[in-house]
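Undergrad: Sequences are here, hints too, so could you generate the full structure?
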Amino acid sequence: MIAYHDEEWGTPLRDDQKLFEYLLLDGAQAGLSWQTILRKRAGYRRAFDDFDPDRIALYTDADMERLLAETAIVRNRQKIAAAIGNARAFLQIQETEYSFAHFIWSFVGGETVDNARPVGNDVPATSPESESMSKELRRRGFRFVGPTICYAFMQAAGLVNDHLTSCFRYNEIRELY
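If you number the sequence shown the way the numbering used here does, the last residue is 177 and the count never jumps.
Hints were generated in silico from the structure; no laboratory data involved.
No experiment lies behind these values; they were computed from the predicted model shown.
Among the hints, a few may not be true.
With beta-carbon atoms standing in for the labels, derived distance ranges [unchecked claim]:
1. D52 with P124: 29 to 35 Å
2. R77 with L164: 36 to 42 Å
3. T71 with A116: 38 to 44 Å
4. K135 with D54: 40 to 46 Å
5. D15 with R77: 36 to 42 Å
6. A72 with I2: 20 to 26 Å
7. R39 with R139: 31 to 37 Å
8. D122 with D52: 34 to 40 Å
Just so you know, even glycine gets a beta-carbon here, dropped at the ideal spot from N, CA and C.
TA: Next comes the structure, spelled out in structure tokens:
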């Protein structure tokens, strides 16, 4: 968890496939701890073809059964089906928008929202932007993308900087936008 915080969390991402990975993992996390998903990330990478949406979108019923038997991931039928469906919806967005990154960053005006939070007890679970993102993603066929999941995704992918101002990463992240 420390390495994830110190090296990844909150770093602005504009790579479509990496954004897809983060969105898929945040959806898998629903109802579970992030630590559980982070421990299983390598298993998810193996099981889901390194989060390649082109490959995942082609998964069949046999792939679904393979994934349900895979002990290295969370074996939840709805979450696995959502990941496959989300890959298809993701490809549709890539087809109709400039890129998934362009689409997803549009919810924050293309730039990281600097929340400059001095203490951790004022970090919300959602935001108006995460609510808009959730609504639009669901309209486009995504699942497991509620406002709370979208906000966690926004934090992880650097759409918002929710590192506390006392955290060394806060200023490091600020230098990236």
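Undergrad: Going through the earlier hints one by one, which of them does the structure break, listed in rising order?
TA: 4, 5
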